[in-house]
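These protein sequence lines map, in sequence, to chains G and B. Everything in the first sequence is counted per numbering that gives the first Met the number 0, starting at 0 for the first residue and increasing by one. Everything in the second sequence is counted per numbering that gives the first Met the number 0, starting at 0 for the first residue and increasing by one.
No incorrect hints appear here.
Short, incomplete list of chain G residues facing chain B, as computed with Cβ under 8 Å:
1) Val55
2) Leu124
3) Pro132
4) Phe136
5) Gln137
6) Val140
7) Leu141
8) Gly144
On the chain B side, residues computed to face chain G include the following (Cβ under 8 Å):
9) Asp53
10) Leu56
11) Val60
12) Ala65
13) Leu68
Label-pair distances were calculated between CB atoms; the ranges are:
14) B:Leu21 to G:Phe30: 22 to 28 Å
15) B:Leu4 to G:Glu70: 29 to 35 Å
16) B:Ala51 to G:Phe20: 22 to 28 Å
The hints are simulated quantities; they were obtained by calculation from the structure and are not laboratory data. Note that the Cβ used here is the ideal one computed from N, Cα and C, for glycine as well.
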Amino acid sequence: MSRRVRIGILTPTLLALGALFAWAIAGLPAFGDYRGPYGLVLNRVVVPLRHTTNVVMGTTFDVRGVDTMGEEFILYAAVVGVTLLLRDEVRSRQAERRTQRLRSDAVRLLGIVMIGGGLLVGLWLVSFGYITPGGGFQGGVLLAGAVLLLYVVGNHRDYGPLRRQHALDPLEALGAGGYVVIGLAALASGTAFLTNLFGHGKAGTLLSGGSIPILNWASGIAVSVAMLLLFAEFLETYVVPLEPEDSGS
Amino acid sequence: MLATLVPLQAVTFGLVALGAPLVVLTRDPLRQALVNGIYGITLVCLFVVLQAPDVALSMLVVSGIAYPLVILAAIARSRGEDRKKERDGS
Chain G
0 MSRRVRIGIL
10 TPTLLALGAL
20 FAWAIAGLPA
30 FGDYRGPYGL
40 VLNRVVVPLR
50 HTTNVVMGTT
60 FDVRGVDTMG
70 EEFILYAAVV
80 GVTLLLRDEV
90 RSRQAERRTQ
100 RLRSDAVRLL
110 GIVMIGGGLL
120 VGLWLVSFGY
130 ITPGGGFQGG
140 VLLAGAVLLL
150 YVVGNHRDYG
160 PLRRQHALDP
170 LEALGAGGYV
180 VIGLAALASG
190 TAFLTNLFGH
200 GKAGTLLSGG
210 SIPILNWASG
220 IAVSVAMLLL
230 FAEFLETYVV
240 PLEPEDSGS
Chain B
0 MLATLVPLQA
10 VTFGLVALGA
20 PLVVLTRDPL
30 RQALVNGIYG
40 ITLVCLFVVL
50 QAPDVALSML
60 VVSGIAYPLV
70 ILAAIARSRG
80 EDRKKERDGS
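All chains should be modelled from the sequences, with the hints used to inform the complete structure.
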């Protein structure tokens, strides 16, 4: 197909799409106009009922806790899929020998400082997720990112213990399964699945929210271990074609 | 409070509008990963200005950690294969 024909097809299509887009934009509610009744209800109801000062967490882990469980299992299914497709024990051992060392000391020092900061902020985001903005997902990814920095600033051997999949697999199962176990505990005690069982505690403290903190930690563990597993699998698949360690020096 | 927020919102919207085409126009994948990270930061600013801190944090970890990770892994692989091809060819 020549350039002229392609432009001939593109121009009217682009114009039609642009017209539709402009029409759709023109029909949108004004900027800042809020029409969802649920948000207004939740804003009024969550803090008195669940004592979690972060309404978002009270919503995700209590009001719509089942949806969050579904989301967690989407991530879990993705990790299981990647693991089944990519896991290869021989390559895992090869990858160990074939990683280049970081040559700049300044970058390495910065990385080490960032590992500490990342771990601290990650732990804070998970543990205080239901009091201040944060939560299991955000904190979990940040924790995994801090651990991955260890791979960047160190070498494969320093990072080795943290990418043993046989140690990570049960942790991932603990995170994903823990969520369901909390839900089933409510079912066993005679109420509906994922009913908030424990006392709601004092609002604004770590001991508030009932089962929300436990669900939050379960998803935090599940997310951070999922990230580490994904990275471990990518690493052993992708790193093999690179040069052997310290080949340039 | 609203009056002071309007210029801030306008600036962050402008940054986002500026950042998106920059990501598309960057052709080198490694640079694109970096530009995309910066674009993510402008989105984070936008979410903070629009008072959605939880969404901002999610955006921060996704655009700053999770997404570059996948891209960098893919780049490492393709570049490694290029180098391997060169080696095999020579």
